[in-house]
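Asks: Heads up: the protein sequence lines correspond to chains A and B, in order.
Heads up: the first sequence begins at 382 in the numbering used here, then just goes up one per residue.
Heads up: the second sequence begins at 382 in the numbering used here, then just goes up one per residue.
Nothing false has been slipped in among the hints.
Below, computed lysine-lysine pairings styled on BS3-like, alpha-carbon distance capped at 25 Å:
1. B:K606 with A:K518
2. A:K606 with B:K600
3. B:K505 with B:K543
4. B:K599 with A:K599
5. A:K522 with B:K606
6. B:K522 with A:K606
7. A:K543 with A:K505
8. B:K518 with A:K606
9. A:K687 with B:K518
Selected chain A positions facing chain B (Cβ under 7 Å, derived; list incomplete):
10. D452
11. L474
12. A678
It is worth saying that the hints were derived from the structure and are not from the lab.
Note that the structure is a prediction, hence the values are computed from the model and not measured.
The beta-carbon is built from N, C-alpha and C at its ideal position, and this holds for glycine as well.
2 protein chains.
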Amino acid sequence: MSKTTLAIIAAVSAGTGAAVTAAMYSTRSEKKIQAVASSTAISATSNTSLPAPYPAQSPILPAKDIVPPVDPAGLFQYGFPGPVADLATRNALVSSFDRRLRNPSWVAEHITPASLSISNGDRKHSVFVEDPSIPEKFRGKLKDYFRSGYDRGHQVPAADAKWSQDAMNDTFYLSNMCPQVGEGFNRDYWAHFEDFCRRLTHRYPSVRIVTGPLYLPKKDPVDGKWRVSYEVIGNPPNIAVPTHFYKVIFAEDGTAQGPVAVGAFVLPNAVIPNEKPITDFEVPVEAVERASGLEFASKLPVQRRKRLCADTVCALVIKEYADKQKAFAKDQQKQIPAPTRTSPRYSNL
Amino acid sequence: MSKTTLAIIAAVSAGTGAAVTAAMYSTRSEKKIQAVASSTAISATSNTSLPAPYPAQSPILPAKDIVPPVDPAGLFQYGFPGPVADLATRNALVSSFDRRLRNPSWVAEHITPASLSISNGDRKHSVFVEDPSIPEKFRGKLKDYFRSGYDRGHQVPAADAKWSQDAMNDTFYLSNMCPQVGEGFNRDYWAHFEDFCRRLTHRYPSVRIVTGPLYLPKKDPVDGKWRVSYEVIGNPPNIAVPTHFYKVIFAEDGTAQGPVAVGAFVLPNAVIPNEKPITDFEVPVEAVERASGLEFASKLPVQRRKRLCADTVCALVIKEYADKQKAFAKDQQKQIPAPTRTSPRYSNL
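The shape of chain A in the complex, shown without the other chains:
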């Protein structure tokens, strides 16, 4: 088990993830204070049903003894601060965006034997595009990646959306990208890991995958303190470079209430030797939840869950990826925003 994996597991306190998750909603509401129930933090990409970005009223309840002389929720007259999840429902994926770090919070996809068997889309017809559904000041930009040394790394892989060109194009929004180390990771180990996910459809008729970035602390060997440290690319600095990436996989048996094989993996954004077993990166779902601030299975009863890597063999198939790498390099070289370029370490434009 890798150091990374150990550190993450160390960060999960005692108790099974499943039980803690299932019990989650019962821990709320010790005070009978009224919520701003009408407000919503989701910015929708619909142009017909945009929810109101701030609450319609300020439901302050009086303190026990005295009518409150103030109205803190009156702030919302100037707009609801957020955070806004920028939920986007596209053909190939559903995604949520982190406006502070300019990366997705998570992207969710669904693959089946049938969807992967259709080949209507080709990545050579897709181009990387900024996501106009994200407000300009929070958007990741093509120029941020220029000469950054990082690939524009798909979170939902293009190869999972070959069933239509439109669907594949959906995966090329920068809101589906994070800065990823190219050689040795995005174009190698991570690509093999994506291939592993697709091969799960040989055994499971329906596979759901949630993918996203993490920013994990490391223990400083000198002073013993834990610190998070990550680069921010762009000029001015704009997009955070994640330290790690997660995938949470739900492998379904195709029935509505059947068992679900759940697997969670956390990989460093770094060169990983092909020999490394993928099981080295397996973690409890709760470890990803604690690290990301998200919850992935709060509505999945414990009795329906199985552990993916106990239910099937979790192992990568390392194929000759020369052709694939060529395709990657070609992709990354598309849409060069500057007229001239020197040779970057990774072909990551």
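Since the structure of chain A is already known, use the hints to place chain B on it.
Replies: Chain B alone, transformed into the frame defined by chain A:
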């Protein structure tokens, strides 16, 4: 102007914040895809009107040519991942919590000459408490602060909620705290800054203040790259130590549609000499928005805005804070979770 201020302003691209903010909502929705309009990312602390945490349906629209063979939004059967804003509406404040960093995203308060003139609450009757409205696995803990070297720094100050003991107690939830440097910051310059905000009520009949943490990049002098680096306190590591704090101030004239004097400030979480003018830390509101991923004045028309520090004198009054510091130290020593303690650098238990 400080280096910090310059760096933040450098991160704001050309264009006035006000105009960009006002235009924000018009940049959305280039694709006619249906949003998951019924979903909400807000977890309310009400026990009567908890909104559904995931969408009731999966509104996938077909691609142009082909019925989609997949249903990415079907993930929501297992629960909506988030992010969840944990909006809490209390007597003294409205707050939103960052489940990943275990700090508030923002806290909003409202002060008036009348509210500050009432003295029903005393901080000696208040105790620091963990916030039970936050799910346990995302909650900041009292033990995380123990021997961390940092104060439990109020974001809405206790002194702003003296109008009732209940209201003051509201400010002692850890969801209103961030780890702050004690001597030279929380107990000194930051306290003087909070006092400045209160004194604004001498001139303005109604003052709203939004406060929160930031995690800003610094340029590495060696390789020229921008990096964010922050400590995480607790064992296992749990609460991020912000690099900076912001306040966005709305000073109102007491009328519904009158002019609003707006000021934004970003201070480093570090010792600041009392001599430093507070105007060194003044930034455009948009700088805070870009750094936080939040928006503070999207609904405030440009023509109603004035610049606070042009409308009034922005200067701290440095009083003898010996008594105040004693009160702080006393607060911080309350509720020591371990039976014995050695002398920490700051009395920050």
